[in-house]
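Asker: Read top to bottom, the protein sequences are chains S and X.
For what it's worth, my numbering labels the leading residue of the first sequence as 1, then goes sequentially.
For what it's worth, my numbering labels the leading residue of the second sequence as 1, then goes sequentially.
Think of the hints as simulated: they come from the structure by calculation, not from any bench.
Check before you lean on any hint, since a few could be wrong.
Identical copies look the same in the list; a pair holds intra-copy or inter-copy alike.
[Stated by the list, open to error] No farther apart than 27 Å at their CA atoms in a straight line, the calculated lysine-lysine pairs in the DSS-like style are these:
hint	residue 1	residue 2
1	K254	K295
2	K257	K164
3	K257	K295
4	K163	K254
As the structure is a computational prediction, the values presented were derived from the model and not from experiment.
2 protein chains.
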Amino acid sequence: MSLLVIGSVAFDSIETPSAVREQVLGGSAVYFSYTASYFTPVWLSGVVGEDFPQEHVRLLQSRGIDTAGLQVVPGAKTFYWRGRYRPNMNDRDTLDLQMNVMGQYDPILPEKYRSCKFLFLANGSPQTHLRILEQCPGASLVVADTMDHYIRNEPEDLRKLLKKIDGLVINDGEARLLSGEENLVQAGQAVRAMGPRFVVVKKGEHGALFFSQFETYVLPAFPTPQVVDPTGAGDSFAGGMMGYLARQGDFQPKTLKEALAYGTLAASFTVEDFSLDRLKRLTLEELDQRMVEYKRMLSF
Amino acid sequence: MSLLVIGSVAFDSIETPSAVREQVLGGSAVYFSYTASYFTPVWLSGVVGEDFPQEHVRLLQSRGIDTAGLQVVPGAKTFYWRGRYRPNMNDRDTLDLQMNVMGQYDPILPEKYRSCKFLFLANGSPQTHLRILEQCPGASLVVADTMDHYIRNEPEDLRKLLKKIDGLVINDGEARLLSGEENLVQAGQAVRAMGPRFVVVKKGEHGALFFSQFETYVLPAFPTPQVVDPTGAGDSFAGGMMGYLARQGDFQPKTLKEALAYGTLAASFTVEDFSLDRLKRLTLEELDQRMVEYKRMLSF
Numbered sequence: 001m002s003l004l005v006i007g008s009v010a011f012d013s014i015e016t017p018s019a020v021r022e023q024v025l026g027g028s029a030v031y032f033s034y035t036a037s038y039f040t041p042v043w044l045s046g047v048v049g050e051d052f053p054q055e056h057v058r059l060l061q062s063r064g065i066d067t068a069g070l071q072v073v074p075g076a077k078t079f080y081w082r083g084r085y086r087p088n089m090n091d092r093d094t095l096d097l098q099m100n101v102m103g104q105y106d107p108i109l110p111e112k113y114r115s116c117k118f119l120f121l122a123n124g125s126p127q128t129h130l131r132i133l134e135q136c137p138g139a140s141l142v143v144a145d146t147m148d149h150y151i152r153n154e155p156e157d158l159r160k161l162l163k164k165i166d167g168l169v170i171n172d173g174e175a176r177l178l179s180g181e182e183n184l185v186q187a188g189q190a191v192r193a194m195g196p197r198f199v200v201v202k203k204g205e206h207g208a209l210f211f212s213q214f215e216t217y218v219l220p221a222f223p224t225p226q227v228v229d230p231t232g233a234g235d236s237f238a239g240g241m242m243g244y245l246a247r248q249g250d251f252q253p254k255t256l257k258e259a260l261a262y263g264t265l266a267a268s269f270t271v272e273d274f275s276l277d278r279l280k281r282l283t284l285e286e287l288d289q290r291m292v293e294y295k296r297m298l299s300f
Numbered sequence: 001m002s003l004l005v006i007g008s009v010a011f012d013s014i015e016t017p018s019a020v021r022e023q024v025l026g027g028s029a030v031y032f033s034y035t036a037s038y039f040t041p042v043w044l045s046g047v048v049g050e051d052f053p054q055e056h057v058r059l060l061q062s063r064g065i066d067t068a069g070l071q072v073v074p075g076a077k078t079f080y081w082r083g084r085y086r087p088n089m090n091d092r093d094t095l096d097l098q099m100n101v102m103g104q105y106d107p108i109l110p111e112k113y114r115s116c117k118f119l120f121l122a123n124g125s126p127q128t129h130l131r132i133l134e135q136c137p138g139a140s141l142v143v144a145d146t147m148d149h150y151i152r153n154e155p156e157d158l159r160k161l162l163k164k165i166d167g168l169v170i171n172d173g174e175a176r177l178l179s180g181e182e183n184l185v186q187a188g189q190a191v192r193a194m195g196p197r198f199v200v201v202k203k204g205e206h207g208a209l210f211f212s213q214f215e216t217y218v219l220p221a222f223p224t225p226q227v228v229d230p231t232g233a234g235d236s237f238a239g240g241m242m243g244y245l246a247r248q249g250d251f252q253p254k255t256l257k258e259a260l261a262y263g264t265l266a267a268s269f270t271v272e273d274f275s276l277d278r279l280k281r282l283t284l285e286e287l288d289q290r291m292v293e294y295k296r297m298l299s300f
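Generate the whole structure from the sequences, applying the supplied hints.
Answerer: Structure below.
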């Protein structure tokens, strides 16, 4: 089934306790589409400046990602983020953020994209997300991400959005902020009651919680000893999850759980190197092999 | 198989964001023996002052726990701890700590206890633990806990102890402190290399990591929406784990994993009320029912 993602395409500068990488390829739509491409063709919608190298576009296209919806704004610069990870590699501080072309981004989707069946709305304002939804009337599964910034500053549009989407993927801190509940199980259930049929709460190195009307469960992260750069882990999780769902063509409870597991493993590879470097070397066989290990790990 | 625990028997005063409980029954040996008693008879070794009520002793005995090794020191007071949980219910601050009778506690085990096959050394100094080991030459499985205090202040005795035990159960912060590694997978593997055949790293609400020479895995905590008082969760985990192992009478990899799962669930009940209040109402049927749910949660 067709899978569309709308999100950021970015330059990231990453500082970890042991290394620094300047101006590497990043952005939610990039990580998402790259991991989703292991399962299904992906349509990408995003915006970059004229400083964005063609080699990055070719890298995405080499994975079968459709970049017809990647706008290039002449004379403008690409979205830029600089962050520093703390020694625990789970918390990070934003050192610099330049919205650049993302500032006025209001996607007008190519005609072809409007027929998408599976849609993921990555980081962006609820208002923008609502306008995208209008352009995709035939989508059978819509999942969104959101951020603390929009929870604080656009609560009304976010409430509207929550009533129109099927699933929400957010991190633990955002779930607490949005619900006002400290206990994550209560937080997840409260967010689900705001509208989405299911909610996934990402806990970084501690895995993810899933909430639907009938189920609450947790899947742990895959215990990797090699965490080099956590950037993009959450978007890779969403990409693995949505990619698998789109390939299966349904979102029954059983499929959803398998999809969460693939998302978990996609994220576990992403963090093993900077930017997309580990993903560039990743084969579907490795992903499937880790799935065998993961299932064995959880069986007793 | 016979299971012996040596640890604290205490009065706890607990402050959470929503309630306060004064001078309730607590202590590592209490939580441990109570949860282990669902699986096997337990021998308890500990010390209290003459202020310790008989009803607490009777409560333990009602679960088949042998209290022959519970010393009562005339004229002395029972170990006392007062703590306050932060809003996240995972971090806590010690507000008061009175060692009292625990200060000079150096257990001389009853003759019967010295034949124990399964031994758990709960919170106590490595030096004391080493002396207990000499009294139990026939133990076939020895597992210990330790604390940041001993990692910092008795590193040499702790190193000696680590070479003589089969398993170590510690929390995430202690694993990092002991190993000097931030990544928990690396930390657990480093601690295992110090001697024990296996290491369990407890992550509180995020579950536990297991490390042996051949296996590394993670089991998530059971997602309970009702966290009233996390005190004793770690000791209940150890009690469920060791109780199950003693009942099965072996510690093969398969049995160990099942044991970790039972420990996880024992802890999930403990946190649902103050002190032993939830455990007092717990039936083995409830525990087994939650195991069915837990296994279903992890299957896909």
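Asker: If a hint holds in the structure, say so; if it doesn't, say that too.
Answerer: These are the hints, each one checked on the structure:
1. In this homomeric assembly, K254 and K295 come within 27 Å of each other (Cα to Cα) both inside a single copy, at 14 Å, and across copies, at 14 Å.
2. In the homo-oligomer, the alpha carbons of K257 and K164 lie at most 27 Å apart inside one protomer (22 Å), although the nearest pairing across protomers, at 42 Å, exceeds that limit.
3. In this homomeric assembly, K257 and K295 come within 27 Å of each other (Cα to Cα) both inside a single copy, at 12 Å, and across copies, at 14 Å.
4. Only within a single protomer do K163 and K254 lie at most 27 Å apart by alpha-carbon distance; the minimum there is 24 Å, versus 45 Å between protomers.
In this structure, none of the earlier numbered hints is contradicted; all agree with it.
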